[in-house]
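Numbered by my numbering, the letters in the sequence shown go through residues 162 to 595 in order.
Quick caveat, the hints were computed from the structure, so don't treat them as lab data.
Straight line, CA to CA, 25 Å or less: simulated SDA-like cross-link-like pairs of lysine to any residue:
#, residue 1, residue 2
1, K403, E421
2, K346, G320
3, K286, P472
4, K480, P502
5, K346, D331
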Amino acid sequence: MDDDAGQRSLLDSFLRSQGFDTLVVDSGERALETLRTEQVGMMISDVRMPGISGLETLHRVRAEHGQLPVLLVTAYADIRDAVGAMRDGAVNYLAKPIDLDELLACVRQATGIAESAPPRYDEDKELPPHVVAQSALMQALFRDASLVAPSETRVLITGESGVGKEVLADVIHQWSNRAAGPLVKVNCAAIPETLLESELFGHERGAFTGAHAQRIGRFEEANNGTILLDEIAEMSPGLQAKLLRVTQDGRFHRIGSNREIQTNARILATTNRNLEEEIKTGRFREDLFYRLNVIELNVLPLRERREDILPLAGLFIGKFADGRARFSETVAACLENYAWPGNVRELRNAMERAVLLSRSELILPEHLPSCVRAAAERAPAAPAISGQLQDIEREAILLALRKHKFNRTETAKALGISRRTLLYKLQRFQKPGP
Numbered sequence: 162m163d164d165d166a167g168q169r170s171l172l173d174s175f176l177r178s179q180g181f182d183t184l185v186v187d188s189g190e191r192a193l194e195t196l197r198t199e200q201v202g203m204m205i206s207d208v209r210m211p212g213i214s215g216l217e218t219l220h221r222v223r224a225e226h227g228q229l230p231v232l233l234v235t236a237y238a239d240i241r242d243a244v245g246a247m248r249d250g251a252v253n254y255l256a257k258p259i260d261l262d263e264l265l266a267c268v269r270q271a272t273g274i275a276e277s278a279p280p281r282y283d284e285d286k287e288l289p290p291h292v293v294a295q296s297a298l299m300q301a302l303f304r305d306a307s308l309v310a311p312s313e314t315r316v317l318i319t320g321e322s323g324v325g326k327e328v329l330a331d332v333i334h335q336w337s338n339r340a341a342g343p344l345v346k347v348n349c350a351a352i353p354e355t356l357l358e359s360e361l362f363g364h365e366r367g368a369f370t371g372a373h374a375q376r377i378g379r380f381e382e383a384n385n386g387t388i389l390l391d392e393i394a395e396m397s398p399g400l401q402a403k404l405l406r407v408t409q410d411g412r413f414h415r416i417g418s419n420r421e422i423q424t425n426a427r428i429l430a431t432t433n434r435n436l437e438e439e440i441k442t443g444r445f446r447e448d449l450f451y452r453l454n455v456i457e458l459n460v461l462p463l464r465e466r467r468e469d470i471l472p473l474a475g476l477f478i479g480k481f482a483d484g485r486a487r488f489s490e491t492v493a494a495c496l497e498n499y500a501w502p503g504n505v506r507e508l509r510n511a512m513e514r515a516v517l518l519s520r521s522e523l524i525l526p527e528h529l530p531s532c533v534r535a536a537a538e539r540a541p542a543a544p545a546i547s548g549q550l551q552d553i554e555r556e557a558i559l560l561a562l563r564k565h566k567f568n569r570t571e572t573a574k575a576l577g578i579s580r581r582t583l584l585y586k587l588q589r590f591q592k593p594g595p
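Take the sequences, apply the hints, and build the full model.
This is the structure we're talking about:
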């Protein structure tokens, strides 16, 4: 039960992919009607909704269906209410953005259906040839993307500059039911604030000085497709307010027009900033954050997924040298031991530079930027240290888990990483082999 169509779509498609039958409703009133006519084993409910709220619906469900498990989904601002609701009979609550693994565990526990196998993902979806996901962390990320893609939900893609957030957005669109429609990209950081509103919503002729003709906005162009709002945190608070309505009901006006336009464009957004910190400073609207952040996918930096470095480097060299170049073992060691603060973008530029400077098919250390060459000094010790570091990391995570009584949310906070990153690392540790 949720008034947000994107949230309903996400939970519906995910739980169905895990073998559950689902019914979706958009209000407390319809939930109560459904419960009177259908055999239901559990209810998942949003807290804030127009009409009957999730908490009021919980009270009525308790009166009419005393044993029905109810799981609440809530924004952080509602957590106090959600905790109180557990005293009124809710079995648990999940904070937005929802962690799908945590959701599945809660559903299985509440319904008594034991987990007989790991969560199922769509293994038929193939990554495009230009996408590298050699590391377990990236494979897990794209498995999550395969679950999110078929839904209509909004997705917030986070990560440092240059990690490949736009690439992930491309894949989500390609794997979605909207793949035949347009994918429209808007770089909110590259367009001046005075022009961004017109870029997004369009304008009528004469709407302002220089508006010599009508212009169709990007939301209108993206109808029946996907719109990517790149670096959403760069948008001004005033424009954020206008964007909020589009995320709510898909309606907007061109500048200079009173005619309302409807779009069903699916919204993907990216940012390299911590939006929760931006909210605290007043630079980003909290209500817009929760509208965009139905599900969050975090693209990790290269330094946390070193298994992807050499495959990416080989991909770029093949592109820039038409497949006729290769790099020496020393170059490989340099690449693997460098921290890559600029992430995939910096690696791509380094490989383009190396191909241009090389006069043969072999890429040598002198063809690399000096900062990358300096990493060669650490190369001989890397193989021995790598295994030791993995063991140390594993022991540190296990120690933190025991300290926090295996509460993964609290463990992640203590380790200074996201809960999603912790889950990925735990999945990696469970894999056989070194």
